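Q: Starting from the known structure of chain A, arrange chains B and C on it as the hints suggest.
Here's the letter readout for the chains.
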Amino acid sequence: MGRGTRVAVVARADEIGPGERKLVTVGGRSIGVFNVGGEYYALRNRCPHQGGPLCDGFQFASLRARAPGEPYTRGGDGEIIRCPWHGWEFEIRTGRSWFDPERTRVRSYRARVLAGAALDSEETVTELQAETYPARRDGDYVVVELDR
Amino acid sequence: MIDCDVHNVVGPVQTLEPYLDSHWREVLEKSQFAGPTDQAHPPNLATSLRDDLPPVAGQAAGRTVQALREHVLDPLGTELAILGCDYGVESVRNPDAAAALAAAVNDWQLDRWLEPEPRLRAAIVVPSQQPAAAVAEIERRAGDPRFVAVYLPVRSAVPYGNRQWWPLWEAIARHELVAELHFGGSAGVPPTASGWPSSWLEEYVDMPSAFASQLTSLVAEGAFDRFEGLRVSLIESGFGWLPAFLWRFDKGWRGLRREIPWTRRQPSEYVRDHVRVSLQPVDGPPDPVQLERVIDQLGSDRMLMFSTDYPHRHIAEELDAVPAGLAPPLAQRLLDTNAREHYRL
Amino acid sequence: MSVRTRTETIDCDIHNAPRSEQALLEYMPARWRAARAAGGRLEAAVEARRETLGDRSYLGGEYPRATPRAARTDAWPPSGDPPASDLEFMREQLLDRYDLRYGVLTPMLGAGEQLDLERGAALASAINDWQAAEWLEPEPRLRASINVAYEDGPLAAREIHRMASDPRFVQVLLLIRTAEPLGRRKYWPIYEAAVDHGLPVGIHFGGWSRGPITGVGYGSYYIEDTVGMATAFADQLTSLVCEGVFDRYRELRIVLIEGGIAWLAPLMWRLDRAFALLGAEAPSLSAPPSELIREHVWLTTQPIDEPPRAADFDALLHDLGMNERIMFATDYPHWDFDAPDRALPAGLDPDVRERIMAGNARSLYRLDG
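Residue numbers (my numbering), protein chains in the order written: chain A, 1 to 148; chain B, 1001 to 1345; chain C, 2001 to 2369.
If you are wondering where the hints come from, they were derived from the structure by calculation, not from laboratory data. One should not assume that every hint holds.
According to the in silico footprint, chain A covers these stretches of chain B (three or more CB under 8 Å from chain A) [what the hints assert, rightly or not]:
1) 1244-1258
2) 1261-1267
Computed spacing ranges between beta-carbons, pair by pair [said to hold, decoys possible]:
3) Pro2064/C - Val1027/B: 45 to 51 Å
4) Val2003/C - Gly19/A: 28 to 34 Å
5) Glu2062/C - Gly75/A: 25 to 31 Å
6) Arg2248/C - Lys1030/B: 47 to 53 Å
7) Asp14/A - Ala2310/C: 44 to 50 Å
Computed from a predicted structure; not experimentally measured. All C-beta atoms, glycine included, are put in the ideal place defined by N, C-alpha and C.
Chain A with its partners taken away, still in its complex shape (with noise of 0.2 Å):
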């Protein structure tokens, strides 16, 4: 996280379990904080088709098949979100849509954890804070970068 890069405290580490998500707003930005397997990922809660609420879609598996009549392969659980409207499906972990990859994307942004302790050493945490999360010293946190 170098100098420049503003993140928002948006939960605690342990508040959003593994297949659970967050919706939040930091600037103004509807965005949803999901963890997957572990790992925290961020998405702006708008689908670029109509503006759809994307990130309170159903997640399911990404789900492929070689041809029809053969197996159904599932990737993770939970790592594709499907918007509500519409039906499009995205990666979670790249904002990637499912159909067109390179060119219709949701925005995303990096999602991590930090200690508590961590916060208040860092310079690079911003006054964004205190209007999504009232972080403490203790404890782990989920902090999303706005800029990247």
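A: Chains B and C in isolation, oriented as in the chain A frame:
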């Protein structure tokens, strides 16, 4: 120039007698069974027979190879033409009778059309309502390179993508034949999602719905994923409806592809890669500029293949073999290259 | 939170639903309540209606769909009641959020699909009374559609006559998949009654023919069901035209709801060409099919067609030539909802946008203000 849709008309079932065994000849004689009724082209309709074609040696257009030569092949300078015999064996419920009639039609095609006229190729007529029997007929004919396709009436009782048809697609793919979905068919089920229309006019107008349903089925069921290299022709489907249909299908797929996870590309991409469409009937807008735009919306200059649909008629005006307004490179593809590549002629 | 829309918006397709089947049964005569009670499943959702005594429809065409009740997954009210069953939540999520001037209710609760036609008629009446009491009374922005048991013309006409005096009911509602093509004589009493009262007839996505969902049998997947609906619209409109319905009922106005719009210009090209050749089969037609369609037919936008090139959207409007007839709809709360602020292309001509978003519906449904 390649004409991908000309018709050889069987006419009365007695035409097939020389090609049936003694059992089925006896059945025809004793039962007076008249064979399939031609529901796609009732004889007295304006669409069924061009009235500008005089009989040749006492035979109506479409009935003899001589008439076909004089009406189409010679005047147009056709290099190759592909016969699509729309004898409706799918309407015959007795499975052995249907299979026997299909085999007889193919023998008749060989004897009366392919042998005497080297410019002709043909689609194999199969009892399409029975996948196993259809496969057997394909196996019987596929060794003859003059059979380049399999004729499937676009109206079926179950959509062709359904897994019950997989043996048929497997045989078509293995023999590197083209599957021709052809206007018409008498599958015994209502031809719309809302029952039987009152008039043949409606059935005629409704036919693209059957083509759209079949394309939807083939893509959704993963026929093109399972049988790589599969080639499908839409014959007499029209194409004015195709861009709007593909927009809708692509849109639906973006949200629902999870239900059919074997599909890896937008439906329109499968269609552009695997499907070709016969030119006639041109059912697009009358204005040539608009028509050119519709052709452009197909998204590929490889989609359309020239056809006359001899001896049928689809437009009231004088026939223009190729619609006005087609740019020369597209015209060349349409007249020749697209069919040559698709059928590997 | 409300969304800024640039133009006034009227939503022509909102699917309100009862909180439970019981909520609707309360509006039905004792005979049907008793039949239902005997079935012993009073708590079952309407979705499960086919399991219940007295309620028989749509047998043998089941598809797992994308979402429960085909609804937006964010459309479930906090109460846990079904989507679009809670007026307060509908206000929040739709009426207020998009500042709708009016919304037209189009409940799809199976009245026309009942195999028992009398039950269908009773259900239709219940739906209409329920709409009046629980939706139109408390919410002045809403208008409603008269549900009818449309497979029986006289029964349907009776219900139209019963409801037509309430000006908040602005159209009759049929579904696009019916037992027979909609131009056939059995449906004429519906058109006659609608014309008598100056009501348009809306025909909505869905329904059941009593047979396969396409003209070539049952598809295997829901995507075939939903994508294929455009073909049902094309075939039904073809029937209405060719059977001379527009010549017989010259004041009839048909609204095709949830069919999208791009399929219609190609159908008109094809119909006109076919009519020129085969018109002897439709001797009653007073004009080429495209003229009759442009005179008698309205369309709603959703699911909005999305050609990959922006110019093709303008082209399809041009080909249609029906800018006075296209009306915006959301299809709330269904999963293929179109958002008022995002559905139409950004570059659309402002006058055309205004007509589509509100003006055309205002004229057709005679909405004030």
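Q: All hints are to be evaluated individually against the structure, with a verdict given for each.
A: Verification of the supplied hints:
1. 1244-1258: Satisfied; 6 residues make the cut.
2. 1261-1267: holds (count 3)
3. Pro2064/C - Val1027/B: 45 to 51 Å: holds, 47 Å
4. Val2003/C - Gly19/A: 28 to 34 Å: Because 31 Å falls inside the window, the suggested range holds.
5. Glu2062/C - Gly75/A: 25 to 31 Å: Holds - the Cβ-Cβ distance for Glu2062/C and Gly75/A, about 28 Å, lies within 25 to 31 Å.
6. Arg2248/C - Lys1030/B: 47 to 53 Å: holds, 49 Å
7. Asp14/A - Ala2310/C: 44 to 50 Å: holds, 48 Å
Going through the hint list in order, the structure satisfies each hint without exception.
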